[in-house]
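Enquirer: Each chain is listed here by its residues.
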Amino acid sequence: MATVITPAGQRHVERLEKIWAPRAGVLGWLMTTDHKRIGIMYFFTALAFFGAGGVEAEIIRTQLMTPNNHLIGPQAYDEVFTMHGITMIFLFVIPMTTGAFGNYLLPLMIGARDMAFPRMNALSYWVYLASGLFMYYSLANGHAPNAGWFDYVPLAERAFDPGNNIDFYGYGLIFNGISSTMASINFIVTIFKMRAPGMSLNRMPLFCYAFLATSLALLFALPSLTVACIFLELDRELGFHFYDPHFGGDPLLWQNLFWIFGHPEVYIIILPAFAIATAIIPTFSHRRMVAFPLVALAEILVAFLGFGVWVHHMLTVGFATIVYVYFTAASLIITIPSAIQIFSWIATIVSGKPQFKTPLLFICGFIVYFIIGGLSGITLAAIPFDQQVHDSYYVVAHFHFVIFGAAVFPILGGMYFWFPKVTGKMYRERWGQVSFWLTALGTMVTFMPMHIVGIIGMPRRNWTYPSGLGWAGYNLSETIGAYILLAGLLTIFANLAWSLWRGEPAGNDPWGGDTLEWSTTSPPPVYNYPVIPTVSSPYPMWDTADRERDNRRLERGEGLMELGHQTPSSTVQDAELEEVLEMPSSSIWPLLTAASLTAVFASLVLTHYWIAAGFVVVLGCTLIGWHWESLSRHGVMAYEQEAHA
Amino acid sequence: MSDVQLPAGRGAAGVAPAARRRTPQPTGWWGAVLFLCAEVTLFGTMIGSYFYLDFDSHHWPPAGVPMPEILKVSVSTGVVVLMSIPMWRAAKAAQAGRRRETALLIFFAMFWQAAYLGFQIYLWRLDYLQFHPQGSAYGSIYFTLLTTDHAHVLLGILADASILMFILLKGLPRYQRIGVRGLAFYWHVVNVLIICVYLTLLSPRL
Chain A
27 MATVITPAGQ RHVERLEKIW APRAGVLGWL MTTDHKRIGI MYFFTALAFF GAGGVEAEII
87 RTQLMTPNNH LIGPQAYDEV FTMHGITMIF LFVIPMTTGA FGNYLLPLMI GARDMAFPRM
147 NALSYWVYLA SGLFMYYSLA NGHAPNAGWF DYVPLAERAF DPGNNIDFYG YGLIFNGISS
207 TMASINFIVT IFKMRAPGMS LNRMPLFCYA FLATSLALLF ALPSLTVACI FLELDRELGF
267 HFYDPHFGGD PLLWQNLFWI FGHPEVYIII LPAFAIATAI IPTFSHRRMV AFPLVALAEI
327 LVAFLGFGVW VHHMLTVGFA TIVYVYFTAA SLIITIPSAI QIFSWIATIV SGKPQFKTPL
387 LFICGFIVYF IIGGLSGITL AAIPFDQQVH DSYYVVAHFH FVIFGAAVFP ILGGMYFWFP
447 KVTGKMYRER WGQVSFWLTA LGTMVTFMPM HIVGIIGMPR RNWTYPSGLG WAGYNLSETI
507 GAYILLAGLL TIFANLAWSL WRGEPAGNDP WGGDTLEWST TSPPPVYNYP VIPTVSSPYP
567 MWDTADRERD NRRLERGEGL MELGHQTPSS TVQDAELEEV LEMPSSSIWP LLTAASLTAV
627 FASLVLTHYW IAAGFVVVLG CTLIGWHWES LSRHGVMAYE QEAHA
Chain B
870 MSDVQLPAGR GAAGVAPAAR RRTPQPTGWW GAVLFLCAEV TLFGTMIGSY FYLDFDSHHW
930 PPAGVPMPEI LKVSVSTGVV VLMSIPMWRA AKAAQAGRRR ETALLIFFAM FWQAAYLGFQ
990 IYLWRLDYLQ FHPQGSAYGS IYFTLLTTDH AHVLLGILAD ASILMFILLK GLPRYQRIGV
1050 RGLAFYWHVV NVLIICVYLT LLSPRL
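As you go down the protein sequences, you meet chains A and B in turn.
Under this note's numbering, the first residue of the first sequence is numbered 27, with each subsequent residue one higher.
Under this note's numbering, the first residue of the second sequence is numbered 870, with each subsequent residue one higher.
All the given hints hold, so there is nothing to weed out.
Pairwise CB distance ranges, derived in the manner of DEER restraints:
| id | chain 1 | residue 1 | chain 2 | residue 2 | range |
| --- | --- | --- | --- | --- | --- |
| 1 | A | A102 | B | W981 | 54 to 60 Å |
| 2 | A | W524 | B | V1061 | 56 to 62 Å |
| 3 | A | A365 | B | K1039 | 53 to 59 Å |
| 4 | A | L53 | B | V948 | 45 to 51 Å |
| 5 | A | A639 | B | V948 | 24 to 30 Å |
| 6 | B | V1061 | A | G51 | 45 to 51 Å |
A short list of chain B residues far from chain A (calculated; beta carbon distances all over 10 Å):
| id | residue |
| --- | --- |
| 7 | G987 |
| 8 | L995 |
| 9 | D996 |
| 10 | L1033 |
| 11 | F1054 |
| 12 | C1065 |
| 13 | P1073 |
If we take Cβ atoms under 7 Å as the criterion, some of the chain A residues that face chain B in the derived model are:
| id | residue |
| --- | --- |
| 14 | I214 |
| 15 | K219 |
| 16 | F246 |
| 17 | G265 |
| 18 | I650 |
| 19 | L657 |
Derived by calculation from the structure, the hints in this document are not laboratory data.
A virtual CB, placed ideally from N, CA and C, is assigned to each residue, including glycine.
Looking at chain A on its own, in the form it has when it is part of the complex (with noise of 0.2 Å):
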C-alpha cells in the first residue's frame, strides 16, 4: 500500500519540498549531492561508454566476418578489443550497476533520505566520469591502451610498448579506482548505518545484501590492480625493475596481483545482477523468496570465496600441480552458492505466480545464460581443458556469457522494472518482449559459437585469420548475431525513449512490488519519503499493516524530521534508531576536487611531476574548502542540538 497524503499530512509534505528544494539549472546538478540525481548521471554517462564499447564490439566483429578482412589495421584492432574490455568492465558495467542502480535505488530501498555521504557519491560520480574521458582521449589522439584489458607484461613494458598508450591504462585504472573505492566505502556505511527503523540485517532486502557483498569484494580486491598499476608505471616512466626479469623482478607478479583483483571482479560484475534478479523475481512471481537466508549467505559466500581463485586463470604459467589442484578445487567450491542462488531464483518462480513480463524474461535469459557460463567455467577448471583451450574463443565465449548474458541481462531487465519509478512512466510490453526475444537471440548467436571456434583453434585477439582453418562460417553467425544483438538493445531504448515521452502514468507501484522504493511516488521526491518508514520483514510493501501505519503518522506529523535535510541513523545490526542526521543539500567542493585529481593525473601522464604536486596542493586545498564546508553548515547546530535526542 502506497503512501497516501491527507490533507493533514500535506501542510508537512510542502515543508519538506522547501526544505529539500534543488537547485535549479544545470548548476543544480553540477553541485548535487541528491543520490538520485547522481544515479541518474551515472547511467546516462555508463549508457554512453555502453555505447562506445557496444561500437568497439561491432568493429571487432565486422573485422572478424571474413577470412583475410582488412576493415582495420592490426594496430588498430589492438587498440579497440582492449578498450572494449576496459570500457565494458570498468566505464560500464560496474558504473552502471554500482553507479546508476545502486545509487538510485538503494537508499530508497532501505528507507533511506540520501547516501551516508553524499558529497563523497558526487565525488565518486565526477571522478569516474574524469577517468572515463581520460582513458578515452587516449583513443582520440591515437595513444589508447593496447596490451588487452589485463595488460599482461612484458608486453605491456616501456621496451616493448614505447608509446604512452600503456600510460594511460595505467594512470586510468588508478583514476578510476578511487572512485570505486569512495563508492564502495558509501555503500557499506549506507548499508549498516542508514536503514529504516526495524530494518534489521535479517529484514534487508536481498538486493541489498548483494550490494554489501559487491562493496565489501571491491574495497578489498582495488588496492591490488592499484598496486600492480604503481609498479607498472614505476617500471615504464622511472625505469624500476618490479616485472623485468633481468633485474630480479617478475613478469607473473604482474599477473598474480591483476588477477587478485581481476577473479573478484567477476563476483563483482555478476553480484549486482544477482540483486536485480531477487528484486524481480518475487514481485513477478507473486511470492516471497524461496530459502532467503541461504541466499544472502550465498551472495556473501561468492564474495568470499572469489578471492581464493585468481590462479585459475594463470593454469598454463608453469606453476606447481599442487597449487593448480588448490585453485581448481577453490574454483569449484564457488558452484555450491551459485547453484543454491540459481536452484532458489528457479523454485521461486516455478512455485509461485509467474508473470512473464519483459523484466522476468530478461532474468529468465539471464538464468539460462548464467548457467551456460557457468558450466563452460566448470569445464575451464579442469586443468587439462584449460590448458588446451586457453587464450582461444572458448574462454571469450565462457566469459561473454557471463558478463554479457548474465550481468548485462538482469540491467537491461532492471531499466524496464524500475522505469516506472524513475519516470513516472509506464513502457510499451509488447516492444519490451520483441526486444528481450532480439537480444536473447543475438547473444545466442554471437556467443555460442564462440565456443566450437575455439575448440578448433582459433586463438583469441588475432586481428584477422586465413581461410580453409574451418572457422570463417562460425566467425560468419558471430558478425551475424552482433548485429541482431544490437537491434535488440537499439528497441530496447527506443522503446524506453518513446515511452519516457508518450509512456502512461505508471502510478506509485505499477507491479505489485515488495520493496520500499515502490511505497514512494513516482518519481521519489528529493527527500524519498515525507515520513520516514518503519520495517518489520524484508518485504515491507506486502506488509500493509506497516504502510497504513505510516500514512497515519504522516497525518499526525510523527517520524517526519522536518527541521533541515535530515535522515535516520540506524544501529548497525538491529536498525534502531540511533540518531538524526544533517546532510549537505548541494556543493561544488566535490566537482573542484574531482578536477583537481584530473589535473594531477593528466600531469602525470605528460610526465611533468612537479605540475602534478603543484595540482596535489590544489587538491589539498579543496579538502580543506569541502571540511570548511561542513563545520561551516548551518546545520551543523541543529545536528549538535538533535543528536541523540
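Use these hints to put chain B onto chain A, whose structure you have.
Expert: Below, chain B alone, put in the same frame as chain A:
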C-alpha cells in the same frame, strides 16, 4: 526528533538489551575504518610483493647492496609508535569537549611525527647514496615500500595540521570530535603499518 518507534517485533525485543550495551559508532567513524581497510590492503599487497620477489631471487638483497640498518630505524620507529598514546588521549579529550587539551596533544604528537618523517627522509637519502631503485627489483620494492610508508605519514601530519587549524578556528563541534577520533584511529593504523614495513625491510637481517 526521536518519534520514530521500533515495531514491536520479536527480534527487536530480544536483542535490545545487547544492542544497548554496544557503543554506537557514527557514520564518519565507519567511513574512516573502511578507508583504512583499503589502505591496509594496499600495504599488505606491497608487503606481499616484497616477499614474492624475495622468494623468487637467489640473493636478497642482491650482491653489492648493503644490509638494511637496524639501530637508527628502530629508535625512530619506537618514537613515532609511541605517539599513538597522545593521539588516543586527544580523542578522549575531544570526546569530553576539552578543546585546549585536544589541540595541545595533537600538536605534541604532530611535532614528533614530523621529526620522525624528517629523520626518515635523511635515512632514505643515505640509502639512496648506496643503491638505487633502478638497480634491481630489490631496490625497486625497497624504495617503493619505504616511500609509500613515508607518504602515509606525511598524509597523517597534514591531517593533524588541518584538524588542529579547524579546532583553533571552529572549536570542537561534534563533526570535529568525530574527526579527531578518526585521526587517532588513522595514526594507530599507520603505526601498526610502520612496524610491518619496518619488519619487512629488516627481514634480510632477521
